[in-house]
Structures are given as structure tokens and as C-alpha cells.
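Chains as they are written, first to last, in our numbering: chain A, 1 to 352; chain B, 1 to 352; chain C, 1 to 352; chain D, 1 to 352.
Please note that a few of the clues may not be correct.
For identical chains, the list gives no copy identity; a pair is met inside one copy or between any two copies.
Claimed, not checked - The list that follows gives simulated cross-link-like pairs (lysine-lysine, DSS-like), each with its CA atoms no further than 30 Å apart:
#1 Lys336 <-> Lys4
#2 Lys135 <-> Lys65
#3 Lys336 <-> Lys65
#4 Lys187 <-> Lys164
#5 Lys187 <-> Lys346
None of these hints come from the bench; they were simulated from the model.
Protein chains: 4
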Amino acid sequence: MQQKQVHYSDYLQLDKILNAQVLESDLLQQHAHDEMLFIVIHQAYELWFKQLLYEVDSVAAIMQKPALNDNSPELQTVVHRLNRTVTILKVLVHQIDIMETMTPMDFLDFRDMLRPASGFQSWQFKLVEAKLGLKYQQRHAQEYYISQLRQEHIDIIRRVESEKSFIELLNAWLERMPFFEEGENWKHYKPVSGAPAAGGNDPFWADYRAIYSGGLAEAEQSNQQYFDTVFSDGSSPAQEGRQLSPRACRAALFIMLYRGYPILQLPFQLLNSLLEIDEQLSTWRYRHMSMVHRMIGTRIGTGGSTGRDYLKGALDKHYIFAEIARLTSFLIERRKLPVLSPEMEKRLGFVG
Amino acid sequence: MQQKQVHYSDYLQLDKILNAQVLESDLLQQHAHDEMLFIVIHQAYELWFKQLLYEVDSVAAIMQKPALNDNSPELQTVVHRLNRTVTILKVLVHQIDIMETMTPMDFLDFRDMLRPASGFQSWQFKLVEAKLGLKYQQRHAQEYYISQLRQEHIDIIRRVESEKSFIELLNAWLERMPFFEEGENWKHYKPVSGAPAAGGNDPFWADYRAIYSGGLAEAEQSNQQYFDTVFSDGSSPAQEGRQLSPRACRAALFIMLYRGYPILQLPFQLLNSLLEIDEQLSTWRYRHMSMVHRMIGTRIGTGGSTGRDYLKGALDKHYIFAEIARLTSFLIERRKLPVLSPEMEKRLGFVG
Amino acid sequence: MQQKQVHYSDYLQLDKILNAQVLESDLLQQHAHDEMLFIVIHQAYELWFKQLLYEVDSVAAIMQKPALNDNSPELQTVVHRLNRTVTILKVLVHQIDIMETMTPMDFLDFRDMLRPASGFQSWQFKLVEAKLGLKYQQRHAQEYYISQLRQEHIDIIRRVESEKSFIELLNAWLERMPFFEEGENWKHYKPVSGAPAAGGNDPFWADYRAIYSGGLAEAEQSNQQYFDTVFSDGSSPAQEGRQLSPRACRAALFIMLYRGYPILQLPFQLLNSLLEIDEQLSTWRYRHMSMVHRMIGTRIGTGGSTGRDYLKGALDKHYIFAEIARLTSFLIERRKLPVLSPEMEKRLGFVG
Amino acid sequence: MQQKQVHYSDYLQLDKILNAQVLESDLLQQHAHDEMLFIVIHQAYELWFKQLLYEVDSVAAIMQKPALNDNSPELQTVVHRLNRTVTILKVLVHQIDIMETMTPMDFLDFRDMLRPASGFQSWQFKLVEAKLGLKYQQRHAQEYYISQLRQEHIDIIRRVESEKSFIELLNAWLERMPFFEEGENWKHYKPVSGAPAAGGNDPFWADYRAIYSGGLAEAEQSNQQYFDTVFSDGSSPAQEGRQLSPRACRAALFIMLYRGYPILQLPFQLLNSLLEIDEQLSTWRYRHMSMVHRMIGTRIGTGGSTGRDYLKGALDKHYIFAEIARLTSFLIERRKLPVLSPEMEKRLGFVG
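Okay, chain A solo, but in the shape it has when bound:
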């Protein structure tokens, strides 16, 4: 059978893409040159948001499989696509440079014509955040946020919020890492500190806690309590306000500490790519906020908000993988690390 002939313009549906720019200022017969840029850049952003959703969905689908660590190429795929997400976000940050070629006076030429439309109505970006793990109650200015969206989009986001987010899948994956099952590895571990067991029953973490405590300066003592909160088993899977359980946190910290072992190399890359995603999202929010401030100052945005203040509030609260980031506080120097037994080392490596 003959495959059909594909043409670039049809394949990319350029008739749709290139005919989707109608300027309000033209409709009102007051042509404002820069409105075209305003439309095109937002469309470009939305195209990329669609791609981000597509990638996040695809990695979530993989993370949902129960047997992810078996000898499959899938963890590699997860890392690869998360790194792609980072690369896309870097271009989205850079793209703000283009928006900044629009001066405030040029924006004023058509700004009032857009009311009450607003960038806050970009439900796709909110969906990206929700899929990664940002909960409704963690959001800054929740009511305002809801008031800006159409019911159909609120419904989509709500449904996503009720499903397992990426960070929840990550938590489950960390919890079931085969290396960490009870009794299997730790029985080979030779305790050194004689410290009482903490963070579960195994002596490894008791040793680790003792070494960590010994290295804390006086002014850092609050980290000690935080350590116990993060790593010691409580009754609930993850404590109030946290999305990662003590068991998952122990696994994540272990990965950071012993990342050199073959079986931990990709898991380490995965954790690292999540921190990069958060950093790029955060840089994007920051530059976006600065740009809005530069564009409208202390005036009210087209959607009725004091745009910059909303964005500023989101800056601190919308970190999604903050619990991973904070594990950095609990690292100790490589030369002080508890020594693993040969049996453990073997299990962390390739077939000999």
C-alpha cells in the first residue's frame, strides 16, 4: 500500500496556526502594532505548555508501573524527558526577553481593550503545576485564582488534583526501591556509633544521625529537630503538610549520598532534574513578575489583580520539590560516610 504524501503545511496545520491572530485593536479600528507580538508570544507559550503537559503525563505513566526498577529502559526515559522539560523551561525563560521589547507605552496602546482577559487565565500552566504536585491549598491567593478560570478548566484542574500527582508517584517509587526493603540489606551493615536506632529500626540511620549531629554548629541545632521530623517513622505515611514520607526521604537521601553506585546513578539524575525543574519554574515566575512590574508598575492588571503582588506571593509558595531540595541540609562529607558491607555494595552494582 502506498503511504499518503505528507506536506509540511498540512502536517503542521499551518492554516490554523497562522490564521489565529485577530487583534482587538484592529476590531476597534485603532491598530496597535505591538498587539501582534502580544498574541504570538502567548500562543507560543501555550504551545510549549501543551508539550510540557505531554511530557509530564508520559513520565507519570511510567512512574505508575509497579516494577519500574527491573531491567527496563524506562527510568532512563523518565530522566531524559524530565531533562527535556528543563530545556524547554529555559527557552521559556529566555522568551521573556522578547516580551520585554514591548515598552509600557506600547502596551498601553491596547491594554484596556483586553479586559478582563489576563495571563492568570492560562489554565495549562496551572495544570502543569498541579500534575507535578502543587495542591490547591498550597496556592497563593486561591480565590482569586479560581475566579479567573472558566468552570470547564477548574474542573480539569480539580480532577488532576484528585489524581496521583508526580510527587506522589515519586514518593511511592522511593518507598518501594528494591534496595531498601527491610532486613534484606541492613542485616549486613556493621554499626559503628552504638547510637540508638532512629528513622526506622535499622542501625545505619542511627549511625548517620550521630555523625550528622556531630557536625552541626551551635547555630544550626534547629536542623537536628528537622532531621528527626523528616526521617523518623511516624504513624501517618507523610506528616501534615508534607508529601514525602520518612521512608521515601531516607531513600532519597541515600541516593544523594551513595550516588556513585551503578544502581543509584539514574535515580540521582532523576532527583536532580526535579530540582532543576523547580529552579527553572521559579526563575520563570521571578522574571515574569519583574516584567509585569516593569510593564504596569503599581497599576491594576487587566484581570483585576495587582499583578505583581499575586506573582510575588506565588514565588515562595509554589516550589513543588522543596522537600527534596531541603535534603541538602542533611548531607555529610563523603569521607565520613558509613561504610557499606561488600554484600550491600554488590547489590548496588551491575552483574559481576
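Since the structure of chain A is already known, use the hints to place chains B, C and D on it.
Just chains B, C and D now, with coordinates in the frame of chain A:
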């Protein structure tokens, strides 16, 4: 009268934009994950190409006005929009990073399904080149280029090629710069070298030619002949194979040399932005070529070309403002510049 | 006389530059690979800080001349060098990507060996801020900041703080812009609103205030009071806590509003480049803060600070040209702008 | 024992770094403002070149170990540091933006004072190329290149050229990859095509060759011969003009094809990072060439070369990992890949 309510999704026609991605691999029931990226990135490129065309059209419209140099804000607008074009091109170059997250093996999953579509079928990019000033006969591999396009797009490009391009408008603008009309300025100029007049009848250029010649090293003598070709008046407005006339070239060089005078500041910025556009276009072609090579090696592209070789041929030939760039060869040190008379200086400044 | 022969290595003093890396971890015989990167990147930053100081000094020297606006190329030079400063800052922001290739575990290998050295001891960066206009009392955590520096560097910064900063020179330059001298221009202005004079005695600003007020939404009324604070003449040159006088602010706003006139084009570019400098400085601080957080979490920095909190405090307070940025709040649509008289327009243009 | 107190300025030897800028134009009492930038940017480049050498040396030291693939963290370290090299090169490319803020006229102010110094005298960059694998005879314009360097630097480069370069170490590492030893794996492979053995004696490559040939279009037949050249064993370890042996090439292609298996994941990342290094080096050379052209046009460089032509010649010839890049031409679609036996799959995975 109540203005109608605008909503973000409607305003941006997101129903069109976000529903224009149909994967060939899905139609053939062999889903290839990375095809979505392939579609989205090309659509993003085409959106930005539309914006580039829009900006180039707008500056060409301004350059067409006969009285551009009168006290109007329009030259500023030209410079501003050309700088925006540079900023957009920088993001387009950066965007190649995203494409490079697709490995050759991932591309192979759907590459054959796209035949005979090809990036060479992007008529918008060719239109950008044509509007700026690239002629059909200057193009590398002309027949191949024609064979890839639909008749309707060939017609559009041909029509544009028959109209005044930006570089032709630039030539006209440089030729009629008010400062350079015969007799008006140069009569105040005090010749120093006693060299015979060159490049028109005025003694300024005779002096300049003498100073320039004196600074050439032996190995650079070929520049002398090139100097005379570029600057001395011949019968035709611009010599065979050139798009800028001697008169226009003299104006452009004068702007570079005496850019400090108020009336020359924006003209200098304009010339500079054109060189930046060429450089970004060229960087884009170069990275594009490298990316294609990395993706398909020495295989034949989906459109039937040896992709990389075509792109490589374009690299050297598609400089649009090369004649401006080469004027750099004719600069002399500031401290050797012919001194202008007070009358001339006055005409180059603001109202006193 | 024969000019001496210059060699690349001697000219660049590469013997000094390339032999200035001694690793503490080597001295302690515990070689930590990444310490070399740590040293080199900080040296690269300090080289660029030296260049920033050099450029800021050079533009300040120009701004100090009393007759800057006469037909000289110098304002162009100021804009050019400020734009270079922006370009350098963009690379400095990008350079953080390199630092982020150092993982927290790799940093731990030598972190303790550096105490009590700290990035806060970079006096050159503080000097850049001080020269631009950041006052000691505006700084976040002043005592900590002083405690980190050597007396000789404190002395340098103090001396700079006592001299005219760039923003003060800017204020003086704006105040004496020739276009704004009393009686000269405004006598030709035809008032329209009949509003009582505000912001000095001239009717132009009375009109402007009336138009601006008419466009404010109810929720934006606080801008009205702020408008009067910023623009109306008080007794002191600049009010408490402000570095720009009402007269200078009026000139700056006028430049933004009527930037199209030839004489205002470079002044507009100058104001714009200052906003870009602030934005890049701010992006640098933000990414720097994120990077420190990612590197040490909630631990204490080598210099004894909770690094991230200090940096976070600086984020909001260290905007230098915030008063320029906030003028954006006072713009009105182009089509509502008061019409200037032909006499005024003539004075804003080139020689006819 | 008390550790000594470290101070930022001493640690970074800022007295050396910040006092190594002496302007020739100052010595000649003709201060040229932009010469400072010229010095500082070259010093920044040389600092980073030193870092590149340091990283390349460190990965070469690891690659030299005979037992690299045993369960050690070292391959991860190699990949990590090569990726850092890429990150550094990206900043070096970006840094050209700063150089481009120097206009040709500004360069002319001090250009002649630098003769005969020239960027070609940067021996560190040549050393980076040599350490990675660029041979003297592969260099463009070899005599010119030698004529520019001091004997001591020529000696250093020559010595490096006589040692094992990174690409030679890579070749050895690929050749001895444990998976590929004769008889061990391939005996489990089930041949399908019945094609005669090629590329060694094993039936896997005979099958692969048959599948590959079947997918070649008529115009691509030259790839077939190239395939046999690259993969089939000849007498010498690597054929004339090649740095990778057929055995090493087979290993590299196998890694690209089956990169999903755990044991191949890092080797794939390693190959990929080498292609990125080449691409960044090449982009750097391209932008450097464009910048030189823009700066001096067709004039002779300070070192006596027609700068741009030299740089242009290097562009095509100085690819170091071109043999890896060209393997892309030999990929086949994933769904056509020969199926590995369970025994082989097991050897490609982690401990079960």
C-alpha cells in the same frame, strides 16, 4: 457602549492552536512519543516566522516614506523593531537546544512517516529572507528549493522578490540622506591631501581615500581596488551583483565613521542592527545544519535532499547585508579622520 | 621609533592569571577536584566586576560634565556602555549554570576548609552597587555586611558612598535638561483642562495630572497621592528616602511619554538601560540565592551567615533605579497625551 | 590544631588577578577605553581554558584505568565532568556577545598597538583540542599555527600530541567493553538473515548489515561502502586517517542502538556528551569567525593572518569526534533491531 468581555482562551484562539497536533505515527497506529515535540517546535517556529514577517513589513512600510529623516519618531521605530527581530532570532537559535533533546533513534521512530515533507517547505522563512533582500539567483540550489514548494507559495515569494526589498529601501534611504546632497555640505570642507577627487567629485572622499591607502599593509593592497569599486561612481546605480550604490555606500561609511554626531546616532544603530540580524540568521543556519547532521548523518532527508549539504551551501551565500559588513574593511582610526568644518558639524547636531 | 613587540601571553599577564589557583584541599592534602572550579569561577566573576566598575566609572565621569547635552557624542557613549554593562550581567547570570554543575556533595568535600571566607567578602560587587547609588542605610543586614569586609575595603566603599553616585548624577542631569528650563517651553503650551497648576507652576503638568486622574480605576486611587508626592515641588530637592527630585521625575516621565522626538531618543534609551541593569542585577541575586539554597540548604554558610536568608533580604531592597521603574505607573495612553505646540516640537527636533 | 583563617581576597589571589591589566594604549599615552574590555575578556577566556584542561585531564586519567567498567562510580564522574565542559563552552559562546559590544571603530583605537600579538597565540585552547584528540596533521594552516607560538608552548603541545589523547583512550575503552568479548555473548544470538558474517565473525553484525542495506534508498548507496569501511575488521587497529577501530565503532553503534539497557545508559551519555562538546566547540569557532569578520573585515589581523580565512578553514577540519557523529548514518529503526537473547539481556542489566 459596553466593550465586550475578552477571555484569554478565546482571544488567543487556543481551541485552534492546541488542537492542531495530529501525529502521523498515531494515524498509522505506531505511536512515536517524540513526534509531538517535532510538531510543536515547528509550529512555534512558524508562529515566530509570522511575527518576523510582520515586523519586517512594518519597517519596510516606514522606509518607503520619502521624508523619513524629518523630525519624526519613525526611524526610532525602525531601529526598535529591528532590534526586536534580533531578540526573536536569538530565542529561535536557543530553541534548537530543545530539538536536540530528540535523539536520532527517537527521530527514526517516525521519520519515514513524514515523507516527502521537509523543513525546506517552510515558505515563511524563505519569505523573510526575500523581504530582507535575498534574491532568487543568490540562493543556493535554486531548483531544489523551488521543487519543494507549492505553487501558491512560490507565487508569493516571487511577488515579494519583484517588489522593493528592505535592502533596496535602505539603499534609497542612504542615497537621499539630507546631509549628503551635493554642494550643500562639502563646499565647507577643507581638503588636506591634495589628492585627486575620487568617489564623486567632492574632496572629502579624495582625502579619505589617501589616508586609507596610506594605512594599508602590503598584503592588503587588494582592498584598495575594492575600495574604488565600492565607492566610486559608475554609470549604473549599483554595479553588477551589488545591491548598494557607491553613493549609498559612502553614506553608510560616513555614518560609521562619524556616528557620534546626533543626527547619525540612530542611522548607526540601524546599520548595526542589520549586521546583528545577519549574524543571528547565520548562527541559526549553522546550528540548524549541525543539528541535521547530528540527526541524520549522511542519510537523505525526508524531502529528498542531502539535508546538511544544502544547508551548508546556504551558509556562505545567504548573507543579506554582506555589503554593509564589508565596509568595516574601509575604516580608519578616529585620530586620522578628516576634520569637519563648523558648518558641517552644526548640520549634524540638534537645534542649538 | 620601533614599537615594541607585543606577545599575547605577556600582554595578558597569563603567568599571573594562570598561576593564581592554589587549592586549600591540596594544602591540606585532601585534594577535592571541584575546588578548582570554585576558584576559577570566582576569579572570572571578579574580573568582570572589575570591568563593571571601569564602565560605571567612565559613564559617571561623562555625566559629571555640566554641558552634556550639547551636540556631543557623549550621551551616546553613556548609553553604549550601559548596554555593555547589561550584556556583561547577562553572561554573569548564565555563568551560574557552571556553578550548578557542582553538586552539594562535591562542595562538602572542601567547604569547611574555606572558613571563614565567604562570597559576601566580594567588595567589588558591593562597590558596583554603591557607585550606581545603593546607600549603606538601604542595605539589608548592614552590620553583617560590614563584619565581613576588611577595613581597607570598607574604607573604599565608604568613600564611594560619600561621593556622587550615578543616580545622583542622573538626577542632576535630568534636572538641567535644556528643554525643561522654566518659561522657555511651557509658555507656548496651550492648556486644555483648566485644572489648577500642579508639579511646579506650568499648566502642562496640571493637564497631565487631570488626564491621569481620569483614567484611574477605583482600586488604583492610591496612585493619585503617590503621583503628587513624586511630581509636585516640595522644599527639599528630593523628599525623604528618595534620590530623585520632583523636577527630575517630571523630566524622566516626559522622556518616556514623548520619546519619539529626536532629542529624547537617547535619553529614553538611557533610562531603559538603567531598568535593564536593575533587572539583571536582580535576576543575578535571585539565581544566586537559589543556587546557595540548593548547595547548602538550611546550613550556615562558610562566612557564618544563613546565606540564603541574607540574599533573600537583599532581593527586595537593593533595587537601585526603583524610582525610575515606578514612573511606569504614571503613563497614559499615547492618544490622550497633551498636544505640544509647534514651537515646542521644533525644540525637540534636529536642525531643520 | 587550629585551621588557618581563610579570606576571600587572599584565597582567590585577587591582588594578582585584579592587577594584571595594563593597557598598551596607556603606555603609549593614547588611552583607548575599550582596551580594558579586550584584556579582561581574554583573561576570562584563558581562566576557563585552564578549567577545561583540568577537566579533560581528570577524565583522561580515569579513562586510562584498565578496569573502568567494574562497579565503580568513575564512569559517572567522566560523564558528569564532560557535561560540565559542555556547560562551560556554552558560556564561552555566550561571552562573544560581550566582545561584540566593541565596535570596529573602537577596536581601531588600539588595534595597531597590539601587533604582532594575536588570539592565535592562545596555546591553551590548542592544548584543549590536542588533548581531546586533534592531531597536528589534521590542523588547518599548520605552519601558520606553529609560527604564532613560542617554542615552550609548541613543546607542550607536541608532547601532548605524542601522548594518548582522549579519543584514543575512548577507542581503547570501547574495544575492551566487557560485553563485547568474543564468544561470550554472541554465541547466544539467534541469526535471522542467513547473511554471511561481516564486521568480525559474529552473525549479529551480518544480520544488522542486511537490515541496514535493505533500508537504504538508491541515492544513499554510498553509505553501504562506508558501512563496511567503518565496521569490518581490517589488519590495522584503525584505518588510515581514522582514530576509531572497527571493533570500537561496533561497540559505539551497539551502545546507541541498545542504550536502554542499564549497563549501556552511562556509555550512551558519554558518547552524547562528546558530540555536544564538538558542537559547542564548533559553534564557538563559527561565532568567533563571524565576530572577527565583523571587526576587521578583509583586513589583515594583528598576528599577520587573514583572520577570518584561517578560522574558516578550521571550521570543517577541527571536528574531533566526527567519527562518532557519523555513526548516526548507520542507525536503523528500533522496531527492526535484531532481538537479543535472554542471556544477553541479563548481562546488560543490574543484579536481579
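Could you work out which earlier hints the structure fails to respect and list their numbers in ascending sequence? Per hint list: single violation, 4.
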